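So the protein lines, in turn, are chains P and B.
Following numbering that gives the first Met the number 0, the numbering of the first sequence begins with 0 at its first residue and continues without gaps.
Following numbering that gives the first Met the number 0, the numbering of the second sequence begins with 0 at its first residue and continues without gaps.
Simulated from the structure, these hints should not be mistaken for lab results.
From a predicted model like this one, the values you see are computed outputs, not experimental measurements.
Yeah, the Cβ is synthetic: ideal placement off N, Cα and C, and Gly gets one too.
Not one of these hints is a red herring.
Calculated lysine-lysine pairs in the BS3-like style (CA-CA distance at most 30 Å, straight line):
#	chain 1	residue 1	chain 2	residue 2
1	P	Lys47	B	Lys153
2	B	Lys69	P	Lys328
3	P	Lys431	P	Lys336
4	B	Lys69	P	Lys409
5	P	Lys336	P	Lys26
6	P	Lys328	B	Lys153
7	B	Lys118	P	Lys328
8	B	Lys153	P	Lys20
9	P	Lys157	B	Lys118
If you want the footprint, here are the derived chain P segments under chain B, 3+ residues with CB under 8 Å:
#	region
10	161 to 175
11	364 to 378
12	397 to 408
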Amino acid sequence: MNTCREMGIATVAVYSEADRKAVHVLKADQAVFLGDSDPAESYLNIDKIIEAAKETGAEAVHPGYGFLAENPLFAERCEREKLVFIGPPSHVIRDLGNKTVARRTVVAGGVPVIPGMNRPESDPGILAREAENIGYPVLVKAAAGGGGKGMRIVTSPKDFQEACASASSEAGRAFSDGSIYLERYLTRSRHVEFQIVADQHGHVVHLFERECSIQRRHQKIIEETPSPIMTFELRQRMGAAAVAVAKASGYVNAGTVEFLVDQQGNFYFLEVNTRLQVEHPITEMITGLDIVRIQLEVASGSQLSLTQENVRSRGHAIECRIYAEDPEKGFYPSPGKIIYMREPSGPGVRNDCGIYSGFQVPVEYDPILSKLIVYAEDRNQAIMRMIQALEDYVILGVSTPVPFLIDVLKSEAFARGDTFTDFIDTHFSGWKPDRFDEDAACAAFIIDELSRGRKAEATATQQGAGLSPWQTLGPWGR
Amino acid sequence: MEYHLKIGENMISLHAEKKGDHSITLSRDNCILDVEFTVISEHHQHLLVNGCPLNAYLARDGNTRMVMIKGIPYSIGDADVIDAPSRGKKRAQVIPQEITPPMPAVVVRILVSRGDRVKQGDSVIVVSSMKMETTLTAPSDGSVRSVNVAEGDKVMPGHILIDIDRDDAATTKEESQPG
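One chain only, chain P, in its complex shape (with noise of 0.2 Å):
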């Protein structure tokens, strides 16, 4: 919205019942009203969307990260209804949304895959004798899957069944589509995706890579560029691959190839993600360019006017993604209110946030509260601003990860790259945040009694004296 405001282009935000004070309704120039919190009732349900659109007379849609971002009756939709989807066309989200086919059209490419199934299946004897083949440990992934959502590691056979039926069910309410397939869990790997841009004449480019292996629940937390462990001609090999891959697919916009690296250095394709990420403004943060824009002037039909050759980038960025959630119990969602915040600041700080003191987190939807990125001329400087920002980022009334973020930023292994999909599991397993600020904090506790002059209230009516002399001296520090 903020690219689109600088570019002269007017909004419109759609919102359900549980984000009528979400900050993007706040922020657009106008904003429809889709229903029910459910986001069946709301952001998934495309014939309310595509009346918004309409009746604010809109000329394209942003799909945005979620919900509807890569479905591709969604595109069929606004394609058929003469409203701009700016995305790539439907027929390459349906080929590369489902992973399987996806799998298909890059082996076509001569761009190498997981081991695993290039079809889904529904049938358990099926599904636990590919496993087998497969062997374990397997990942039970869902065939329209990204984001996590409807992936199940399972290690032993006897979990097998559970973690089908349960990958499949989440998969079904969060893409409508309950089908899964297996792929060999590839133990200590590196994610790491590259950034493309396609115009409708052709022209692809990627905007160099981004190293994303810090997860949990498969959920990127911490995201990074260029990647520690990112050589010349590592790079070469590997963006030549996600342009193969876009160039098979026919794609248009910006997207994402990912890959997995294994620790000598093969990678093979996982998936693409046809869409706007999360964690793009990292990317932005080095190459200077705004995706966005990008964006925007690809699907109005401009030429890219980037070549590969003058697509440079410069210094490191850092992005962490703060979530409503607890990091001491298992990284549990922690719905909530946001009583106080405060968002860091300063050179090469940026917060794209989504709350506000006062904010009512709903429990209906992603726990994603902001993304704090960070930009410096080297890794070491990029971590050390990083560690500031987050200590100075202050976020009362529900948990956040900040905590344990800083002590992820701050512990050797990081430092040392040594950043694989395990390495939550392997380095920090168990974490409890080393609470050393215990007795200031208890101080700040006691001053803050004071200064409300309850303490002493509760003792007065409790011990029936006067003699305290914190009684007679009333509030103070004010």
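Dock chain B against the given chain P, drawing on the hints supplied.
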């Protein structure tokens, strides 16, 4: 003045003495803490703790105060205030048979029905909150007395989703003793 504070799960006893309008001394197990302070707002204090500067951010949540210092949260309550009224209620919550969601959630799948035998750790119900599914398990061996919810129901912590009659009722009694 004496304070008994509950910080996280720990109890701390402190003696606090005011030295001036912007200064207080805390002693805890013979450790002395000189704190100079400036109250910036109801949510923000600037402290000098034995000469070291830091910012503390606070928010009130019922009887507890959330304090954040250098990105680390501390949950603090006055034990004299919070313990008295809640003691009885707390004991009542230690009924071991409960299968209740840890947070507001929606029931996704019910894996058992009335009369089923379950073993401790068996999955009995799956709930979803903020798009994340959690499987709740049987707290002990026993049989399902009742299933109190249906798939799609919105449920809250404390809401008993499934009742299980425990095999070894003797242990139940023991655990519900005040302790």
